[in-house]
Every structure is written in C-alpha cells, then in structure tokens.
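Given the coordinates of chain F, assemble chain C onto it according to the supplied hints.
Protein chains: 2
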Amino acid sequence: MRLYSLGEIQKWERFYRANFINCLSGFKPVSLVGTVSKEGVPNLSVISNIVHLGADPALIGYINRPLPAAPDSIQNIKDVQHYTVNHITEDIFQKAHQSSAKYEPAVNEFEAVGLASQFEEGIPAPFVQESPVKYHLQLVEIVPISHNQTFLVIGALQHVFLSESLVQTDGFIDLEKAGSMLSLGLDGYANATMVQRLPYAKP
Amino acid sequence: MRLYSLGEIQKWERFYRANFINCLSGFKPVSLVGTVSKEGVPNLSVISNIVHLGADPALIGYINRPLPAAPDSIQNIKDVQHYTVNHITEDIFQKAHQSSAKYEPAVNEFEAVGLASQFEEGIPAPFVQESPVKYHLQLVEIVPISHNQTFLVIGALQHVFLSESLVQTDGFIDLEKAGSMLSLGLDGYANATMVQRLPYAKP
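Read top to bottom, the protein sequences are chains F and C. Numbering-wise (the working numbering), the first sequence opens with residue -9 and increments by one. Numbering-wise (the working numbering), the second sequence opens with residue -9 and increments by one.
Okay, chain F solo, but in the shape it has when bound (with noise of 0.2 Å):
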C-alpha cells in the first residue's frame, strides 16, 4: 500500500485531484432532482451526496454545489418549497447524465435530455416518469457548509412512488431489483449486487 500525504494531493493537477478525492469517499446513491422555477419551467439536476438523517420525522437530505454552479434546482426549491428525488437506472443513466450540462434557466431539462416529466395531483414537483423508485420532499432547512460555500438541503418526506413488489414483508426496499444505479467519483456509474442482510448486532 502507498501512503498519499495531503501535501503530495494538493500539488496534483485540479481534475487528477477532483477524481481522486471524489472516488475516496466510495460508491454514492446518485439520483435526479425534478424542481419546478416560479415561472414554471421544469429543471433535472443528479445529485450523488444523498444522506438519510431520520426515519421519524421522515428526513432526506443532499449535499448541494456551491452557487453559481448549481443554480437553478437550489433556487427553484428555495421559491417552491417542493422538489423531487428520483432513482436513476441503467435505462436512463445516459440521460440523466446529460442533465448535468449547463442549460439555460429557461430550458426544460426533461425535454432538452429525452425523459418524461409526470405531474401528480397536489405535488408541485416534476417526477422522472421513467424512475421505478421516487419520492416527493417538502424543503425543511437549507444548512450552509461554511469552509466551501456547499449547501446540505434537508427534506421532509412527503409522498413515495414505487412499485410494491420492491417491498419486502419487513419493509426493507429491494433496490437491486428495482435497478437503482449508484456514481463513483464524477462521471463513473454503477450496479449493485445485494450480498447479504446481517441480524442485529449484539456485543
């Protein structure tokens, strides 16, 4: 095994160091995020820094770019209030990639990259139509990171969209079955295999 000091890292070139230190962290759950602009204009962006803070109260949260990089969804969620997160299969990754480009406000991403925005009753929120596993979040609290100008956006779950034959008698969610991809570092994605479900821990 090599020893890498911070001082050799920081004297790497930027997008050799960018990889590096985004793969170290590992495999990362990595999703779409459907908002809406006040002015109605529908926006897709993948979000990859997904943590889950609380089962009850039902909290979801996501580390968010620093701005400007990633404007619209912030801000369309800081205006709405309400945001979709919607799991990224191998049918739809290349997609989902796409919408990481840096389109104009006043594109609709979901027609700019090829998937299908769908519209539930009472949600102000666009779902990706082609995800198998979604969920609705009411935005609780925008948490500033200070030491790098990042954001943790939290979440309160609101409604849930999946097919019921995910879920287990225990409630567990088979998301192997379901296709749900994961990211590695910038632009690398992957599939889960389940190996085992481990009973409680006990000393």
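Don't read these hints as lab results, they were simulated from the structure. Accuracy of the hints is not assured; some may be wrong.
[Stated by the list, open to error] Distance windows between CB atoms, simulated:
(1) C:T159 with F:Q0: 35 to 41 Å
(2) F:S(-5) with C:S(-5): 48 to 54 Å
(3) F:D160 with C:T159: 42 to 48 Å
[As the list claims (entries may be wrong)] The calculated lysine-lysine pairs, modelled on BS3-like cross-linking and capped at a C-alpha distance of 30 Å, are:
(4) F:K1 with C:K192
(5) F:K92 with F:K28
(6) C:K192 with F:K85
(7) F:K85 with F:K1
(8) C:K192 with F:K192
[As the list claims (entries may be wrong)] Some chain C residues well away from chain F (every beta-carbon gap over 12 Å; in silico):
(9) A8
(10) Q65
(11) H77
Treat the numbers as computed from the prediction; the structure is a model and nothing was measured. Note that CB positions come from ideal geometry on N, CA and C, so glycine has one too.
Here is chain C on its own, set in the frame of chain F:
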C-alpha cells in the same frame, strides 16, 4: 406503481418504517470509522451516510446518529480531533457490522470484532489493517442538524492509504477492484459493478 403518503407511512410499525425509509435514499458507501479515546481505547463504528464536500480543500462528511446512540466515536473525535475512515470489503463486512453493537467504552472494539488496528507514525487514530482503501481526517466542524439531533461531522483529508494499482491515469480510483462495499437500509450489504464512465456533459 403505488403512491405512499406520509400519513400512511407514519402509521406503520416502527421497524417496518425504519427499513423502508432507510432504503429509500439508496445504496450507501459503507465504511468503518477508527478512533481512539483519551484513555487510549481504540473504537470502531460503521457509517454509511458519507458525503464528498469538496476536493480543494478536500473535505469529507458523514452523518452521526443522535447522542447517546453512538457516543464513543463522536466523543473520541471531539477529544482527539483525528479519525480514520476505512472501506469495507466482503472479507470483513461481517466483522465490520458486529462493531455496530453497543460495547462498553472500555472495550477495544478491534479486538472484540476481530479486526487488526494499524497505527501509523504521526496519525493519532487507528486504521483497519484489512481495509484496502482508507484515509485519515482531521476534524473541521461538527454541524448539528436541529430537526432530529443528528450531526454532520466534517473532516479535512490528511492522508490516504491504498494500492497504487487502484488509481487510474486520470486519478479515478477503481473501487470495484478494491472490493469496496455498499450498504442498503439498516442491515443490507452489497457489491458494486462498474457500468460506464461518461464524458463531461454539455448542452
């Protein structure tokens, strides 16, 4: 597809709801946090809500459960200011999972679960010897999440240990080759298979 509303989810039995909500946000990058107490007792704890916060400065965060559910590692991090994060592979995932048991603070959890601690000069926290990808963080900030008493623990990268053969020519780390596992829900473990790296997206 079936629509689940928050009202329905809130009525579920507690463990059913916990399984469902923990799975919903996707497969997560599971790792072991290595710490040592002021008194010198090594501690291990499993984390899976890990986020990449930035590459320059290199910052990595994870969500810590509310006190007092996971007091040992967070207290050690506060006291010593240094900790390690160690990827989990199929060779060690059962031992890693066992470290989630509630051991008394005086118990050396490396010994209790059968993993080897690895101390390196100048790094005041133990690595997991069996882990193929591991890194040393220095505490930057513990951000309280007011809505449910969890914490976002932010660390600055100091050192990385891995085999050079895992690092590709552009800095991308081959974590499939490393065997880095994922977790799903409270107790599921999975492997990842790379599908594709995609080019930088442009409109």
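(message) I'd like to know which numbered hints this structure contradicts. Please list them from smallest to largest.
(response) 1, 7, 8, 9, 11
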